[in-house]
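*Asks:* Whole structure, please, built from the sequences with the hints as guidance.
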Amino acid sequence: MISVQTEDFQLEREYQRLIARDGAGAVVTFIGRVRDFASGDKTFLLQHYPGMTEKVLERIEQEAKARWSIIASTIIHRVGSLNIHDQIVFVGVSSKHRRDAFAACEYMIDILKTQAPFWKKEGQHWVEAKDSDQAAADAWLNADSWQALEKD
Amino acid sequence: MNNDIQIFYFANLADKLNCENEFFPLDSTPTTLAQLKEQLSERGTVWHELLGEASTRCAVNQAIATEDAILKRGDEVAFFPPVTGG
Numbered sequence: 041m042i043s044v045q046t047e048d049f050q051l052e053r054e055y056q057r058l059i060a061r062d063g064a065g066a067v068v069t070f071i072g073r074v075r076d077f078a079s080g081d082k083t084f085l086l087q088h089y090p091g092m093t094e095k096v097l098e099r100i101e102q103e104a105k106a107r108w109s110i111i112a113s114t115i116i117h118r119v120g121s122l123n124i125h126d127q128i129v130f131v132g133v134s135s136k137h138r139r140d141a142f143a144a145c146e147y148m149i150d151i152l153k154t155q156a157p158f159w160k161k162e163g164q165h166w167v168e169a170k171d172s173d174q175a176a177a178d179a180w181l182n183a184d185s186w187q188a189l190e191k192d
Numbered sequence: 007m008n009n010d011i012q013i014f015y016f017a018n019l020a021d022k023l024n025c026e027n028e029f030f031p032l033d034s035t036p037t038t039l040a041q042l043k044e045q046l047s048e049r050g051t052v053w054h055e056l057l058g059e060a061s062t063r064c065a066v067n068q069a070i071a072t073e074d075a076i077l078k079r080g081d082e083v084a085f086f087p088p089v090t091g092g
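Each protein sequence line maps, in turn, to chains A and B. Heads up, the first sequence is in my numbering, so the first residue is 41 and it goes up one at a time. Heads up, the second sequence is in my numbering, so the first residue is 7 and it goes up one at a time.
Mixed in with the good hints, there may be bad ones.
[Said to hold, decoys possible] Straight-line Cα separation of at most 30 Å, DSS-like style, residue types lysine-lysine; simulated pairs: (1) B:Lys43 - A:Lys95; (2) B:Lys22 - A:Lys170; (3) A:Lys105 - A:Lys136; (4) B:Lys22 - A:Lys161; (5) A:Lys161 - B:Lys43.
If you are wondering where the hints come from, they were derived from the structure by calculation, not from laboratory data. As the structure is a prediction and not an experimental result, all values here were calculated from the model.
*Replies:* Here it is, written out as structure tokens:
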């Protein structure tokens, strides 16, 4: 399930959704929040590209499902005006065993951060992309090409 | 608007270009994304610099596209900086 929304989300409700189907022996969830940022102007804005965002999130979820044994998964990303310490993003995965849930959850947030068209604005300035985020995503993608090589 | 494509700009590109979206007429001959960028760059230095920046991303019909992508009327093109969500 994916959702791009202005409203907040509740961990407990999302958790219940992830364990609704039988067999969910493991659940891993990630929540990203607005940090304190050093600026007199405390406005925080999340812009996105409507349409493309949903397509990219759907694709990320499908890729994770193809790669790991997943029972249920959820990606929720908020947009619009937010405040310090507000929740921004939720990624949750349930699976039979923990390794699938841990890996799939980390994969989805790592790829989301470098491919889903969202942009953060803190006060008057647009946040710049971090090399470390790209490196984290590349690590998954390079691992993919190694797997492909091994199969050849 | 028959030969038009729609172009969207996001984040700092929208701010600096002072444009969030527009309709743009295509030439009759096939136009590549690279040619569209050239045409838009003729609008001035800011356009030239931002569209020429290596980090600027392009999407055609909501999928990341390369410079050789061929545009046709009704297409949706977007230019934006590296993403920073999550």
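*Asks:* Starting from A:Lys161, check that the Cα of B:Lys43 is at most 30 Å away, please.
*Replies:* holds, 26 Å
*Asks:* Can the restraint linking A:Lys105 and A:Lys136 be considered satisfied, given a maximum Cα separation of 30 Å?
*Replies:* With Cα atoms ~13 Å apart, A:Lys105 and A:Lys136 stay inside 30 Å; holds.
*Asks:* Does A:Lys170 lie within 30 Å of B:Lys22 when you go C-alpha to C-alpha?
*Replies:* holds, 21 Å
*Asks:* Take the C-alpha atoms of B:Lys22 and A:Lys161, compute the straight-line distance between them, and say whether it is at most 30 Å.
*Replies:* Within the cut-off at roughly 14 Å; holds.
*Asks:* Against the 30 Å threshold, does the CA-CA distance of B:Lys43 and A:Lys95 hold or violate the hint?
*Replies:* holds, 25 Å
Violation of the numbered hints given earlier is absent; every hint is satisfied by the structure.
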